[in-house]
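Enquirer: Sequence:
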Amino acid sequence: MIKSRRVPDRSEAVLRCVLERRAAAHPERPFLRFPDGSITTYGEFCMSVQGLAAGLASIGVKQGDNVNVWMPNTVDVVRAWFAINWLGAVYVPINTAYRGSILSHVLMNGSATVLLTNSVLLDRLREIDRGSIRTVVVAGLPASPIKGINQIPLAALDLDPSEVPPLTRPIEPWDPQSIIHTSGTTGRSKGVVSSYAHIWHMSGPLSYPMLNENDSALCFLPFFHIGGTLLVSAMLNRGGAVGLGGDFTTDRFWPIVHATKATYTIMLGAMSSFLAKPPPTDADRNHTLRNVTMIPLPGDSREFAQRFGVDVWTLFNMTEVNTPIVSDRNPAVPGTCGKARPGNELLIVDEHDRDVAPGEIGELIIRSDAPWALNSGYFKNPDATAHAWRNGWFHTGDAFRTDENGNFFFVDRIKNVIPRRDENISSFEVQAGILAHPVVSESVVVAAPNELAEDNVLAAEYRRDRLLAQRARECLKRGHHSAASLAEELNLSMRTLYRRLREEGTSLQALKDEARRDKAIDLLRRTEKSIKQIAQAVGFQSEKSFARAFQSWTGSAPTSYRSDENSKNPPGLVDRPERR
1337 MIKSRRVPDR SEAVLRCVLE RRAAAHPERP FLRFPDGSIT TYGEFCMSVQ GLAAGLASIG
1397 VKQGDNVNVW MPNTVDVVRA WFAINWLGAV YVPINTAYRG SILSHVLMNG SATVLLTNSV
1457 LLDRLREIDR GSIRTVVVAG LPASPIKGIN QIPLAALDLD PSEVPPLTRP IEPWDPQSII
1517 HTSGTTGRSK GVVSSYAHIW HMSGPLSYPM LNENDSALCF LPFFHIGGTL LVSAMLNRGG
1577 AVGLGGDFTT DRFWPIVHAT KATYTIMLGA MSSFLAKPPP TDADRNHTLR NVTMIPLPGD
1637 SREFAQRFGV DVWTLFNMTE VNTPIVSDRN PAVPGTCGKA RPGNELLIVD EHDRDVAPGE
1697 IGELIIRSDA PWALNSGYFK NPDATAHAWR NGWFHTGDAF RTDENGNFFF VDRIKNVIPR
1757 RDENISSFEV QAGILAHPVV SESVVVAAPN ELAEDNVLAA EYRRDRLLAQ RARECLKRGH
1817 HSAASLAEEL NLSMRTLYRR LREEGTSLQA LKDEARRDKA IDLLRRTEKS IKQIAQAVGF
1877 QSEKSFARAF QSWTGSAPTS YRSDENSKNP PGLVDRPERR
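According to the working numbering, the sequence shown is numbered sequentially starting from 1337.
Quick caveat, the hints were computed from the structure, so don't treat them as lab data.
For clarity, every value in this text was computed on a predicted model and none was experimentally measured.
This list has only true hints and no planted wrong ones.
Below 20 Å or equal to it, Euclidean Cα-Cα: the simulated EDC-like pairs (lysine to aspartate or glutamate) are:
#1 K1880 <-> E1864
#2 K1613 <-> E1850
#3 K1813 <-> D1583
#4 K1751 <-> D1691
#5 K1675 <-> D1647
#6 K1868 <-> D1858
#7 K1613 <-> D1854
#8 K1880 <-> D1854
#9 K1483 <-> E1463
#10 K1597 <-> D1372
#11 K1855 <-> D1900
#12 K1716 <-> D1465
#13 K1716 <-> D1401
#14 K1675 <-> D1664
#15 K1483 <-> D1459
#16 K1613 <-> D1647
#17 K1865 <-> D1854
#18 K1483 <-> D1465
#19 K1855 <-> E1901
#20 K1398 <-> D1494
#21 K1813 <-> E1825
#22 K1868 <-> E1879
#23 K1675 <-> D1734
#24 K1751 <-> D1719
#25 K1675 <-> E1696
#26 K1751 <-> E1687
Take these sequences, add in the hints, and give me the full structure.
Expert: This is the structure in structure tokens:
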């Protein structure tokens, strides 16, 4: 039986201790896997982390310090995180879409003096208040100077691992491991303080029962959110491997699964729908995946499981808690987040913390059986901490309901639930209904008080030509293909970009596929470029991958499509530059 009430030992929970133990026991075992098929073993990674830790110590980073990391999803960000924790310092990542006032707020709130970033992001620091940041470690090409900032190349900090200074005291499971800033739904972003024990409970066997040391977990989630760091922590704790997938795209997914020998991954939003869109083939089960967690659980999850030969799970989590709701294998209840796992108490309550009946909507509140199993508060924000931790329970701010069988269902953020007469109306569900109409692409649903002392539901919708999706299409045509670049161009966070596109009934991947399709069709119609050249022009490394994608977009192979177009438009009627 798994004991959930105890505080985990250092050797189980403290990142430095766990990595050291894994590297000593299995130095040749793969820890990181990459899309090109290469690996980094536990032994290699441990030495690399110690070398960077020595470099960070040489510029003044010491136990207990906060250190900002502002990097895209590469091995550099994982190594930086581990090196910071190796010194007993606190990992404080920053969303790569941040700029301007929100970037300034996070930098000032974190109270760090050292920031690790890359040269692409560096220019955003020039015109903002950087708080206490004095030293910036830069990966990539050299950057022009910034007044008041000491720039150091990341490569210059790769020192001899033996130069790591000793700790002033042992790192304990209750020490802070990270401060991750959550989106500010009711104000500015708040820094959630997580202890090593909190991360251990969040990623442990009660939270991820499908994972063990033989698994390779493929990660497409960013390391400035809990999702990415959680998956790495889960596999480190088990002695398994992590595949670093970068940004998710439909055409890259299965090749990366094969390259990283992935047995598990997490799919957010419409990822599973994109993968299921192409017609079924005999190769659908020709892969290593065995388990997939889908958040939220889509209506066709069982069909996906059957088609691709995987087991599907779902769960609910947030930065502040510890994966308190987990489903059984292949859940049959539509829309469920799962059931309360052992180790926590969960209640659905009204605004006065009174229990509500099954089926009624209320706020999810949580307390754990074990010390340090939930967040340690909001950094430098005692008012927000006191508001969330009321009456001995952590208040999630999320509206839920349960059924009589103990299934939990997410409804909305509690502030977006509209009380009317004897019911609570979910703005999320009303928006979904409005967006289902073909001429409506964006909507806002709010409460509007009336003379009868109750709320009306006020909905405002926007025409398709005013949509974010259309602006995103224009940006994609101008070459902003990555989520970070697109979000920056649209002056949004990546989370807001994904959410608003989802609310408009589309997704970034769908828009990318649309742009690629249109460009490919244009090249097939107007030029005599080879299929390989066209594949490369629209961003595919493989002609076969392009052909499969084009088939899913149009129902035809590229060669067949070109042949059909030629039969409709004789060569003299089509502008075809010479083959290059």
